[in-house]
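Novice: Note that the protein sequences, when read in sequence, are chains A and B.
So for the first sequence, my numbering puts the first residue at 1; every next one is plus one.
So for the second sequence, my numbering puts the first residue at 1; every next one is plus one.
Be aware that one or more of the hints could be misleading.
[Said to hold, decoys possible] Straight-line alpha carbon distances no greater than 30 Å define the calculated DSSO-like cross-link-like pairs of lysine-lysine that follow:
#: 1; chain 1: B; residue 1: Lys158; chain 2: A; residue 2: Lys365
#: 2; chain 1: A; residue 1: Lys365; chain 2: B; residue 2: Lys202
#: 3; chain 1: B; residue 1: Lys158; chain 2: B; residue 2: Lys140
#: 4; chain 1: B; residue 1: Lys140; chain 2: B; residue 2: Lys93
#: 5; chain 1: B; residue 1: Lys93; chain 2: B; residue 2: Lys158
#: 6; chain 1: A; residue 1: Lys400; chain 2: A; residue 2: Lys365
#: 7; chain 1: B; residue 1: Lys213; chain 2: A; residue 2: Lys365
#: 8; chain 1: B; residue 1: Lys209; chain 2: B; residue 2: Lys158
[To be verified] Here are the computed distance ranges between Cβ atoms for each label pair:
#: 9; chain 1: B; residue 1: Met53; chain 2: A; residue 2: Lys400; range: 40 to 48 Å
#: 10; chain 1: B; residue 1: Ala81; chain 2: A; residue 2: Lys400; range: 44 to 52 Å
#: 11; chain 1: A; residue 1: Leu203; chain 2: B; residue 2: Lys213; range: 38 to 46 Å
#: 12; chain 1: B; residue 1: Ala81; chain 2: A; residue 2: Val309; range: 21 to 29 Å
#: 13; chain 1: A; residue 1: Ala218; chain 2: B; residue 2: Asp86; range: 26 to 34 Å
#: 14; chain 1: B; residue 1: Arg141; chain 2: A; residue 2: Ala272; range: 25 to 33 Å
#: 15; chain 1: B; residue 1: Arg141; chain 2: A; residue 2: Ala218; range: 35 to 43 Å
#: 16; chain 1: B; residue 1: Asn190; chain 2: A; residue 2: Glu231; range: 33 to 41 Å
#: 17; chain 1: A; residue 1: Pro368; chain 2: B; residue 2: Asn190; range: 49 to 57 Å
#: 18; chain 1: B; residue 1: Asn190; chain 2: A; residue 2: Ala197; range: 45 to 53 Å
#: 19; chain 1: B; residue 1: Lys102; chain 2: A; residue 2: Leu203; range: 42 to 50 Å
[To be verified] Covered stretches of chain B (chain A as the covering partner; in silico rule of three or more C-beta atoms under 8 Å from a C-beta of chain A):
#: 20; segment: 77 to 89
#: 21; segment: 194 to 206
If you're looking for bench data, these hints aren't it; they were derived computationally from the structure.
Using N, Cα and C, we set each Cβ at its ideal position, and we do this for glycine too.
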Amino acid sequence: MASAGASFLRSASLRLALAFAALFVFCSSLLVGALWWTTSGYLDRETNAVIAAEANALADQSRAVGLPGLVDAVRRRIAESRDDKAIYLLADPALRPLVGNLAAWPLQVGRAEGWWEADVERNGALRRARLVHFVLPGSLQLLVGRDIQDRVEVRQAILEALVWAGALAVLIGAVAGLVFRRLVLARIAAIGATAGAIMRGDLRQRVPTAGSGDEFDALAGTINDMLAQIERLIDGVRNVSNAIAHDLRTPLAETRGRLEDLLRHRPAPDAAFAEVEEAVADIDRLIGTFNALLRLAEIDSGVRRAGFVRVDLGDVVRSVGDLYAPAAEARGVRFAGAANVSVAVDGDPSLLAQAIGNLVDNAVKYAPSGGQVTLGLALDGDAVRVVVRDDGPGIPDADKPKVVARFYRGDASRSAPGVGLGLSLVAAVAALHGGRLELADAHPGLAASLVLPRRSVADSPA
Amino acid sequence: MKILLIEDNARVAQFVLKGLREGGHVADHAATGRDGLFMASSERYDAIILDRMLPGGVDGLTIVSALRAAGDRTPVMILSALSDVDERIRGLKAGGDDYLTKPFAFGELAARLDALARRAQAVSAQTALAVGDLRMDLLKREVTRAGAAIELQPREFKLLEYLMRHSGQVVTRTMLLENVWDYHFDPQTNVIDVHISNLRRKIDAPPNKPLLKTIRNAGYMLNADG
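Turn these sequences into a full structure, and let the hints steer you where they fit.
Specialist: Okay, structure coming up:
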């Protein structure tokens, strides 16, 4: 229970709510306080000025006309007082009232001259009054003042209202904090639960989204994208492990067998060197496979994106066609490459060349002797397609997803050279560039398209 | 040539040193970065072969940067097990002239080393190249063999230019791919061989004596004699 309470207090959302409530109270107090001191202070000064003016006038009159005149003057002023707020009292030296609108000398006002704030009895009720006390010649005591009970009451009411408003603010803040806390906690708990499940090994978990498109949804979306990327990388690692197990061990076993055989039988030098040469060639192929795997891992990691530049895909296609055309013709395959357009994409020119090269290389390998391979470039909406067509056996629909998988080689290709990473690399390069690899039937043969997003016209330099 | 090898792996060092000495070069060896930097800065070498990762605090890139900062322009070939494009660029930016990924064939290393040393010597811009009676005019972009004009595609011209600039040297397929096509990947099939045989059909057509030779297990060489 204690720990539950402690965690409740530690909750960031609750602290935030309380802090907001406190800030709210502080700000409103400051505002009301400033208003209060300016308006109330102004009224106080006005009152003091009025009282002082009247008292001085009466004091002057007493000096001019003496006691009888002063009594008349006080009576007249009481009669003329319009708002019944003015207070006058003239008393003898023993403080017995001579004339005025107070029944008795207020107890709180002593004998000393000066300003007073005291409770006076008026019309049978105690009321607050602001008073000034003069001692006139002949020890006559003059008290002039104003009833300020109304202002005191207003002040009291405002103070009470402030206290209530403050309490309400704290209450609203706390309730809002609790609601906020519940809402936020629910979303955060969902993210935490997903992360926990992933740590336990279930990489397919995703953070649920509320569909409201708020910041939490945006965060969930980003986290989900990150998780998808992690899952792909982990899959990649898993694939590479499988690939190493199957496709690197097998040739290693062959090479090892070849060398061990050589040790055991010790053939004549010529035959031995021929075997060693074969072994070196085997190892070179292994290094090739190894390099291809490393290259794939590098592409999958996305670090190559940092080196993206503006690339004219037309140039890349022409250059690749130029590299592969003679090899195709040497195999008796007609090669037609046409790319007399300029299309700008953001990318890594070397990787794009390698990917397109792999597509052409594949097509040339599978095209029958006397067949034809075409390499073309076509705009397709916001995208651009590099299409490589051959008239070979094609790929059955069921196998199309598999050929992109690492190390997969269809039955038809068992005898063809290569390590079975060509199309995986094309798919990885396409993904790196935000595009895709499409495999379609060319009736007959295969039409492989590397589809890439075009660089938008807006951000290409004029 | 006098060559310095800075390599900590004893087996690789022995293999490279043996190959260099058999090829008629004088080869010194340093096993740590500190020794290597000391030898490289205190003696004159025609080329330095340098492992990227060395023990003892001074790594390969530090050595290249230190030499370049001291104004030493000796050609440097960087050897590395790191094959990432980034690593390659970092090596070249530090001042390396070429970058070779381990494991490598000795033939590849020797050919690239020759090309490096040659590049360091040939400073003046040439306007014409000649190998035997094969001539290339770089300004008019014309090629003749024994006076007869030869029609070449632009890429074939570039290929022949590279071979002529490195005449008498072994040029590997990878070097051609990197320098003529600017590609740094394995094209899977023997595409370069086919380009070479097309070029050979044009420049070595009978009755001319063949100039463009295939060097087994290494690459090609354009050579007037023999």
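Novice: Taking 33 to 41 Å as the stated bounds, is the beta-carbon spacing between B:Asn190 and A:Glu231 within them?
Specialist: The hint (33 to 41 Å, Cβ to Cβ) holds, given that B:Asn190 and A:Glu231 are roughly 39 Å apart.
Novice: When I compare C-beta atoms, does the segment 194 to 206 of chain B have three or more residues closer than 8 Å to chain A?
Specialist: Our answer is that it holds, as 4 residues pass the Cβ test (under 8 Å) against chain A, meeting three.
Novice: Mind checking the hinted window 45 to 53 Å against the Cβ distance between B:Asn190 and A:Ala197?
Specialist: holds, 51 Å
Novice: Quickly compare the C-alpha distance for B:Lys140 and B:Lys93 to 30 Å and report which way the hint goes.
Specialist: It is violated: about 34 Å lies between the C-alpha atoms, which goes past 30 Å.
Novice: Using the Cβ atoms, figure out if B:Ala81 sits within 21 to 29 Å of A:Val309.
Specialist: holds, 27 Å
Novice: How does the coverage statement for the segment 77 to 89 of chain B fare against chain A, requiring three or more residues with Cβ below 8 Å from a Cβ of that chain?
Specialist: Held - the segment 77 to 89 of chain B has 4 residues with a Cβ nearer than 8 Å to chain A, which meets the minimum of three.
Novice: Holds or violated: the 25 to 33 Å window for the beta-carbon distance between B:Arg141 and A:Ala272?
Specialist: At roughly 50 Å between Cβ atoms, A:Ala272 and B:Arg141 fall outside 25 to 33 Å, so the hint is violated.
Novice: The hint says 35 to 43 Å between B:Arg141 and A:Ala218; measuring C-beta to C-beta, is that right?
Specialist: violated, 58 Å
Novice: Look at the Cβ atoms of B:Met53 and A:Lys400 and judge whether their distance stays inside 40 to 48 Å.
Specialist: This hint holds: roughly 43 Å between Cβ atoms.
Novice: Measuring from beta carbon to beta carbon, are B:Ala81 and A:Lys400 in 44 to 52 Å?
Specialist: violated, 37 Å
Novice: For the pair supplied as a hint, A:Lys365 and B:Lys202, is the alpha-carbon distance within the 30 Å limit?
Specialist: OK: A:Lys365 and B:Lys202 at ~26 Å, within 30 Å.
Novice: Lying within 26 to 34 Å: is that true of the beta-carbon distance A:Ala218 to B:Asp86?
Specialist: holds, 31 Å
The structure is inconsistent with the numbered hints 4, 10, 11, 14, 15, 17, 19, although it conforms to all the rest.
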